[in-house]
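Number of protein chains: 4
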Amino acid sequence: MNTFGSTLRLTTFGESHGAAMGGILDGLPPGIGISLREVDSQMARRRPGYSGMTSQRREPDRVEFLSGLMGLDNGALVPLSDTTDKALTLGTPVGFIIRNTDRRSADYDALKDIYRPSHADFAWERRFDGIRDWRGGGRSSGRETVCRVAAGAIARQVLEQTGVSIRAVLTAVGTATDPALFAAEISRAAEENDSVGGIVECRIQGFPAGIGDPVFGKLQQRLAAAMLSIGAVKGFEYGDGFAIAAMRGSEAADRMRAENGRLKFSSNHSGGIQGGISNGEEIVFRVAFKPTPTVGWPLETVNRNLENVTLRASGRHDPCVALRALPVVEAMAALALLDAALGDGMKFAPSKR
Amino acid sequence: MNTFGSTLRLTTFGESHGAAMGGILDGLPPGIGISLREVDSQMARRRPGYSGMTSQRREPDRVEFLSGLMGLDNGALVPLSDTTDKALTLGTPVGFIIRNTDRRSADYDALKDIYRPSHADFAWERRFDGIRDWRGGGRSSGRETVCRVAAGAIARQVLEQTGVSIRAVLTAVGTATDPALFAAEISRAAEENDSVGGIVECRIQGFPAGIGDPVFGKLQQRLAAAMLSIGAVKGFEYGDGFAIAAMRGSEAADRMRAENGRLKFSSNHSGGIQGGISNGEEIVFRVAFKPTPTVGWPLETVNRNLENVTLRASGRHDPCVALRALPVVEAMAALALLDAALGDGMKFAPSKR
Amino acid sequence: MNTFGSTLRLTTFGESHGAAMGGILDGLPPGIGISLREVDSQMARRRPGYSGMTSQRREPDRVEFLSGLMGLDNGALVPLSDTTDKALTLGTPVGFIIRNTDRRSADYDALKDIYRPSHADFAWERRFDGIRDWRGGGRSSGRETVCRVAAGAIARQVLEQTGVSIRAVLTAVGTATDPALFAAEISRAAEENDSVGGIVECRIQGFPAGIGDPVFGKLQQRLAAAMLSIGAVKGFEYGDGFAIAAMRGSEAADRMRAENGRLKFSSNHSGGIQGGISNGEEIVFRVAFKPTPTVGWPLETVNRNLENVTLRASGRHDPCVALRALPVVEAMAALALLDAALGDGMKFAPSKR
Amino acid sequence: MNTFGSTLRLTTFGESHGAAMGGILDGLPPGIGISLREVDSQMARRRPGYSGMTSQRREPDRVEFLSGLMGLDNGALVPLSDTTDKALTLGTPVGFIIRNTDRRSADYDALKDIYRPSHADFAWERRFDGIRDWRGGGRSSGRETVCRVAAGAIARQVLEQTGVSIRAVLTAVGTATDPALFAAEISRAAEENDSVGGIVECRIQGFPAGIGDPVFGKLQQRLAAAMLSIGAVKGFEYGDGFAIAAMRGSEAADRMRAENGRLKFSSNHSGGIQGGISNGEEIVFRVAFKPTPTVGWPLETVNRNLENVTLRASGRHDPCVALRALPVVEAMAALALLDAALGDGMKFAPSKR
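Residue numbers (numbering that gives the first Met the number 0), protein chains in the order written: chain A, 0 to 352; chain B, 0 to 352; chain C, 0 to 352; chain D, 0 to 352.
Here chain A stands alone, though its shape is the one from the complex:
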């Protein structure tokens, strides 16, 4: 199960320190214009080392598109080149790879037989009959999200052409909920060789009413699945979320009224989704990120021989994964929403060349 989506399907591959990460995005409509520079921009947002507050692994993370796109030159299709910006979807699967150029695998030899606390290591070996690529977490590494951002950067451009915008922001970092304090909270954790969690809020504007299935393909279900597929995410809520549990029905109901022949909602407790289907209001959801469990402190754990050991991580780690996760949240939202829209027969007009 390395595939996300039904009508628009992203299948990914890659171990953190293998030759490359990559994926196939299948199900795009033909004839949609895509800016490859915009893909680069999204990749840059996710990149470690992008700000001073993220892990120091430095990789150009250039996406190499191998199929499914051709360049546009005065309205004519031309082969892709290294400098192509404007491309057109062919409607065939978009295959792409991102080379792993920073592969200091030897850094990880000490971890070969150790189960890192709150990482996948132990459970992984139970799942895969003891076979595990230990280098940088292998397939369970957060590096896997490069493929999501690359594919999401295409999906969001398709959506944007119909007027949909997707934007995620941090609303909490550790115990701070005032954005002015976030940088300080992260710096303090980093100084103390520790990490902090955070909460990301994502808002989607312009998404049309009538998308989503009423029973097992609810729009919130697809968004929840998209978010919980991100490694460090521990919770998802939409609209009023957990807070609504404390409300009365009379308080939480979104009244409607007609104004100038148009239906208006008086409130948006529903977060833009009712009965599993978008209602045309802003879609709002929040996601809780845990602090990365790789910290600069010695932690008690065990190795594969079931011996007690103490692990002090020496490698690079993020003081706040939630910060780097913003483009990942947006990318997964774009993939989930475009998948739902295409599945429900929404049409995307070919771009003007």
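Warning: the hint list may mix true and false statements.
[As the list claims (entries may be wrong)] Simulated pairs of lysine-lysine, DSS-like, Cα-Cα distance not exceeding 27 Å:
#	chain 1	residue 1	chain 2	residue 2
1	D	K111	A	K351
2	C	K111	D	K263
3	B	K351	D	K346
4	D	K351	D	K85
5	C	K85	B	K111
6	A	K85	A	K346
7	D	K351	B	K346
8	B	K111	A	K263
9	C	K351	A	K346
10	A	K111	D	K85
11	B	K351	C	K111
12	C	K263	C	K346
13	C	K85	C	K351
14	C	K346	C	K85
15	D	K346	D	K263
16	C	K346	A	K346
17	D	K351	A	K111
18	B	K351	B	K85
19	D	K111	A	K85
20	D	K346	B	K346
21	B	K85	C	K111
22	B	K263	A	K111
23	D	K85	D	K346
24	C	K111	B	K111
25	B	K346	B	K263
26	A	K351	A	K85
27	A	K346	A	K263
28	B	K346	B	K85
29	C	K263	D	K346
30	C	K346	A	K351
[As the list claims (entries may be wrong)] FRET-style restraints, in silico, Cβ to Cβ:
#	chain 1	residue 1	chain 2	residue 2	range
31	D	D112	A	P349	17 to 25 Å
32	A	E37	D	T309	42 to 50 Å
33	B	R352	D	R61	39 to 47 Å
34	C	D128	B	S80	22 to 30 Å
35	A	S350	C	Q160	31 to 39 Å
36	C	Q160	D	K346	47 to 55 Å
37	D	R61	A	E37	30 to 38 Å
38	B	G344	D	N259	30 to 38 Å
39	B	S40	D	T161	41 to 49 Å
40	A	E37	D	S80	32 to 40 Å
These aren't lab readings, by the way, just hints derived from the structure by calculation.
As the structure is a computational prediction, the values presented were derived from the model and not from experiment.
The C-beta atom is built at its ideal place from N, Cα and C for all residues, glycine as well.
With chain A held as given, fit chains B, C and D onto it using these hints.
Quick look at chains B, C and D alone, frame taken from chain A:
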């Protein structure tokens, strides 16, 4: 999209006031003993009118099994009869229906052209080209969950035979978090013709380590999708959930140690899932339910002609859907977990006859 | 795996002598008019005992629709009743059952432990850990096709409303290829307590160009899968089929020409599909049916204890299953083609009420 | 739809003259030893120019594995290198690419606006809103099969380790059915600037009984879908195939007998599959290949402006695609059979290191 699951697939059908609800549960292993009385017990837990605190629609909700099961008589397969308790799975799809016996459709004529606030009505018409079965919510009714409970009652029995137990409880009702106060909170809301939300916590014990896929089939992703497919659910979190966002990594990391040759976890912030894979600890998640938006107050809304109207619901409604949802949460958890276990090749030994 | 299709999905259940056969057809567009009498007509064509030349099991095979359809009365939606003819799809899953009223299960007790030659019995027990409903073949019975005909009768009506017609005919029965001789060939086999095979040719007219996927969802691949899912089918070919292997490329190439601004094909060796995609020409395929292996002769075989036994079938059987299979071939073609059309975004306009 | 399989899924991408072909093989069990040299051998069999009798496009077609495999060095996992032969599956998706090194795209400029007879061109444009990569057929090129052979070369090795062998041979070329005459038939067609069709027979030995699903996942259905997904295939039959239509049931029934406590079949008209499930006998099927429609003769056709034109193909083409298709047929059979086996819970023991 009326199907849930990959290896074990539940497909459901039915409008609230049509002839019947029903489903097909496909992918069960052959030879597993199932108590049909136990299915009845689970159905009774979900039934409206089960306690004084739920909606007054009264239906026997008897599940009629049409295929995929045969009775057991002294170890021999025999046809199912109305009084069969002990049945055996054939490994073929289990088809079942639940008749809608309480079909006072005329009650709903007044709602035919009205969009009820915070219900599916408006978004539904956008999705289905204006075609909507208005009677009791049609397919978007909470009645659809009878099929989930029926199928889940089979799935949980399969799991129980390997030592897995699933139990959901209310941890909050409205503003009350002390169970002693829940009944009062619900009664007060009912008296005031209003409704309250709630939070349900579900704990799964005995689930083996090594189930779940590391990228797009994470166990938490499957559970989140299962929960957000329930109509009134607004949020999902597992392990420490949203609270972990405020923690430090050093605090949230689940240390391990070896004791008498066995691996032990010192804490369970992870909620039994690490890297998307079960680690053998208790699986813990929480789900937020909204208060039902059908209340006994007049609410402003619009009709299909985009005229402003005031709606005062006269029908039956639940003062606290979270209460009735306990067996639904358990059923969906059972379906999601058994699906994951079967997909990862977990074997279920034929029952002794 | 009891599901056929991707966008339009038919899931079926039922053992031959259980309570009922049934299915769920999910993915229909909303607002399409369906004649339930026309469904009855298709069911009648498949029914055993329909002509003097098929098996004598007599069952009304009435399809009971439980959801997904409402009746139409002067353009208004009304509940379905037993006499409804004109119905409208809701866009929700159509659940249906067909009761097994002719359940003389005791007839089959002698077969409980015997593996009938060229039937599923032996392989079934290997697949399902020795668990098998022996009554009339259980789930492997040809009776399972009632569900396909019921669902196909809906799918074909949807297609017909866009001008698509589907028609299957026998082109060979045993060694006879002249239709005038078919009845005699079947009668002779029946008199000799034997059975004969046959070849069915299916032609689809009016199917639009541009449906089908170029690689793993080729239209011929979907049709082949549909046909080979029918129990007695041993082969599938489309266009010139096996005969094309003996041709030269210059002979088999379908030339094109423009006539009055329209593209015309000079021949149809391709059978209406090129590169996996319909080209607007007539779609033509042929299917080979084996003679039923249940004959009135004693056949050597073994029982579950691996003892040699001689089996003389006493029950009802078809002298030529290909004859009864005509509506099944048409139904599966309709399901496969409508699935492909919906998957490729073909729009079906709501019916005029 | 660029994915084949359910439990073992191959997703491919690539246009014939784009940067690369590639794919992801997802669902392999962990710990299985794979020889990468054996993959090379299979690729060599498919390669154009492999014999004097196939198209002259020359490409090394080296498969670059990017994930899902690690090398084995004295039983220890090590990174893959260019010279690795022995590798081990990790249980994670195997991503791979094959560069298109022979990209003489300009050769195809003349075909940009022409619909080649019996090729995908015309139908493609209807399907993809007029967007088509014209270079060498783009995604509809036979070159797409490199990905199938690469993935199939892994699948077949997994099967071989349980004693399964897969072998395809030509049984007819044009009008010749004597293998001694095949080379002459192909040469003659080539000299005359024409092409010939052919029939391929595939036999699978050692495949265990009990694999396949009885209704919509029949083993023959999966094989038929696999074969009809190959571009030039026009027909599929298994066991006695089309010939069985002319037989009597008494003749075609495969009797069984017990010998020394083992069940034996007296014949194999069924071709190793009964009721959709393997019965342990040899699986036998045949596939009809059309002659390639690209011939050295001028053919009448039309262009995009619907003008009549005459096309004389100058490029490379295969005089007999059936010959080159042998490894493709074997690869697709391996993928279909391993998918079915894994889906039915067949276990593949980790290889000894």
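- request: List, from low to high, the hint numbers that the structure doesn't satisfy.
  value: 24, 29, 33
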